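K.L.:
Chains as they are written, first to last, in our numbering: chain B, 1 to 361; chain E, 362 to 820.
Check the hints yourself; a few may be wrong.
[As the list claims (entries may be wrong)] Pairwise CB distance ranges, derived in the manner of DEER restraints: (1) B/L90 x E/E714: 48 to 58 Å; (2) B/D295 x E/G600: 44 to 54 Å; (3) B/G294 x E/R612: 29 to 39 Å; (4) B/G294 x E/V688: 13 to 23 Å; (5) B/T299 x E/D713: 50 to 60 Å; (6) B/D270 x E/V646: 51 to 61 Å; (7) B/L24 x E/D713: 39 to 49 Å; (8) E/V688 x B/D295: 33 to 43 Å; (9) B/R280 x E/D513: 38 to 48 Å.
If you are wondering where the hints come from, they were derived from the structure by calculation, not from laboratory data. Please read all numbers here as calculations on a predicted model, not as lab measurements. Idealized CB from N, CA, C, for every residue including glycine.
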Amino acid sequence: MALGGIHVSVVGNALTATGTDRDLTIAADTEVVGINDGAVVAPARLLVDVVRSLEPGAVTIESDDDLVEVTASRSHFNLRTFPLDEFPPLDEPSRPSTSLPAHALLDAIRQVVRAASTDDARPLLTGVLITSEGEGIRLVATDSYRLAFCDLPTSNPVLGAAHLLVPARALAELQRVPGISQLVERDEPVTPEGDVDGSPAREGTSGIGVSFGDHDLTFTAGPVRITTRLLDGTYPEYNQLIPPTYPNRLHVGKDSLLDALRRVRLLVRDNTTPVRLSMRQGGVDLTVVSQEIGDASETVDADFDGSDLTVAFNPAYLIDGVEAVPGDEVVVLTTDASKPATVRAAEEARFQYLLMPVRVS
Amino acid sequence: MVEASPPAVGERPREGAGRRRARVVLHVDMDAFFASVEVLDDPRLLGRPVVVGGTGPRGVVAACTYEARVFGVRSAMPMAEARRRCPEAVVLPGRYTRYAEVSGALHLRLGQVTPLVEGIGLDEAFLDVSGACRDTGDGRSLAEALRARIADDLGLACSVGVGRSKLVAKLASVAAKPTVQGAMVLPGPGVVAVEPEEEAGFLRPLPVRALWGVGPATGRRLERLGVRTVADLADLPQGTLERAVGPTAGRLLAGLARGEDQRPVVADRRAKSVGQEETFARDLVDPTVLHRRLVRLVDAATRSLRRAGYAARTVTVKVRFGDFTQVTRSRTLAEPADTPHVLGTVAAELLDEVATRRGVRLLGVSLSGFAGADRARQLRLSLGTGAAERVTVGTPPNAPEAWSAVAAAVDDIRTRFGDAAVVPATLAGSDGGGARRRGEAQWGPSGDGGAGRAEGRGA
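Pulled out of the complex, with its shape left as it was, chain B reads as follows:
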């Protein structure tokens, strides 16, 4: 009941709004003209709709035990509140113990989070693993059909020693934080140590602050704090899945491959229809054959080293992978029609997308 409410508190001139579903808590600070300190739990959706609909200008919010009063210009709303003590207790905001460069972290999340599972029957796979790889930090996600990982171009002694399994949902929320793109623009090179001096990553500070305990983790992005429960369990050993070498290498323009894939995908009507990639010297032929609908094929010029072969993939998964590749050139590495393939950039291997084929009989 109280989870449908938003907790609003004022201390001095700082207003903090907090919403939670117990697994995920998001809090945002803003500066106000505080008259009296206090706190109230208001119906979240309604309060947001009301405030958003008001004419531009100052808003006054007052509350007693039962009502919260919103006044702006000549508009006046009284909303019934929820009991304050039914709202889950809020912890003192934890101070970031380190920070990561916002641009690199958000890029890595964008590239990797798509491979996480959305199936709650496999709870571990709904998380993104933040772990160390060599000197650096790696983000990993898999839904068992594909696996994506991305190495951050930074080392971090605090995070580098950790093995954190963060729900993909929390990372998706982090990407949606209002103004996070401005935060990225302000991004500055971060010292290898990050903000280990412990100063809170408040607005204006570069990077995204991170603090974590045994069971939860908090991201601080400017005025917004996202606290999430960590998933508990041992992430699958994924390193052994990545073939050390591939006999076949297709090198192709990212946009021309994506455009062609999106065109032939128009013929896909259910998630069992694969796209076939027939790779040969000089190009790749894409084919979709959809029962009772028709078929589509397209040829894309490409460099190919290896022996000619045809591999079929789920087109949505393949597009996901190609889209995530940084740069203009994509490499598709294959072994045969039933072994994992890797999609990555031509120039660098920081991001890799391992994808299992669709077997067609």
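For this one, chain B is given, so just place chain E on it according to the hints.
P.N.:
Relative to chain B, chain E alone:
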């Protein structure tokens, strides 16, 4: 109807431009197919009355030779009736796999005439040869050549009808069949070609029930109007007809009576469902026994499904009671499946929804809602049986992929060692009846043993 017209240009436009080139449709129908295959494989049966079908007390005749028809035996007749009419008949249980094999050889040859072949069952097909006629002659000579080829290659007789529609071609093939007169079997013409201008003369004397869409009920209603032949129907004012059978059916029938039938020949018609059903020699009451029979049916149905390269989304269970009332229950899954594990679990739940205490005469399972003809299977990374699987509640190690692997292995073993080599554990007991072969006992149980053992062949 012309049976000896010169191989001329009947189907070509004779009136120059403006007239649409007529379609040419062949209907190929094997003569007494199952029975003829039996005679082919055992020449001692030549000239004898041979009846193929269910050999048990509730069996029906699936096919019979013309020698048996002399005694009044017809297909779809109860086997008991057939035995009474022709006690000396050789009654055989039928070998579906063999018929399917011969049918495959037949369709290979049909496909060489035109790609537009629409198979109906194992022994019938429509061919749209409009294109082939333009290149290689008229419908009649194509039909003659095809009939000779089938006789030479397969050693089997067929009848071929030629017309500008499916309706006329089908009726023409009936006219091409051998006939029984008294105790005599008279050879038919083998090929009957109905030229467009001869259609009216060909159709009018036929009984109205020969028309597609005229069943017993419509037939009775028409008879009350004094309509017995196609001619009667064609001459009936359309308003009278529509009042008798309804406007839609009325318009359709009036058209058919004039030989108008636009139904196209649909090449390679794909199966919409695969199914298995079984009529029991005695009505079954015990749910445990019924579930065991269900396992066997699901096992067989899923095998056909996998063999065809399909996965199915919808499971339907049919239960017919001793009093011939019938209920069906079906459920559609979120994801298509092809394993007995997934589909059988659903089928068992559906069977549980049916009160079976009245006694079950027939049990059936059908699988439909097919996905991807070229059964595509998204492979998984082997994340191991490690933590990812352990925290997962409920599913693995019963994961669908594990059962797919089992099904594939079973298919391999059966291909090499026969269907009875591997059976579900539930069927491995003394009364399980073993694996069900395709087409086995589809015309009713053979023999008159207990329900469980009726088809012999323990595991």
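K.L.:
Each of the hints needs a verdict: does it hold here or not?
P.N.:
Quick rundown of the hints versus the structure:
{"no.": "1", "hint": "B/L90 x E/E714: 48 to 58 Å", "verdict": "holds (50 Å)"}
{"no.": "2", "hint": "B/D295 x E/G600: 44 to 54 Å", "verdict": "holds (48 Å)"}
{"no.": "3", "hint": "B/G294 x E/R612: 29 to 39 Å", "verdict": "holds (33 Å)"}
{"no.": "4", "hint": "B/G294 x E/V688: 13 to 23 Å", "verdict": "violated (39 Å)"}
{"no.": "5", "hint": "B/T299 x E/D713: 50 to 60 Å", "verdict": "holds (54 Å)"}
{"no.": "6", "hint": "B/D270 x E/V646: 51 to 61 Å", "verdict": "violated (41 Å)"}
{"no.": "7", "hint": "B/L24 x E/D713: 39 to 49 Å", "verdict": "holds (41 Å)"}
{"no.": "8", "hint": "E/V688 x B/D295: 33 to 43 Å", "verdict": "holds (41 Å)"}
{"no.": "9", "hint": "B/R280 x E/D513: 38 to 48 Å", "verdict": "holds (44 Å)"}
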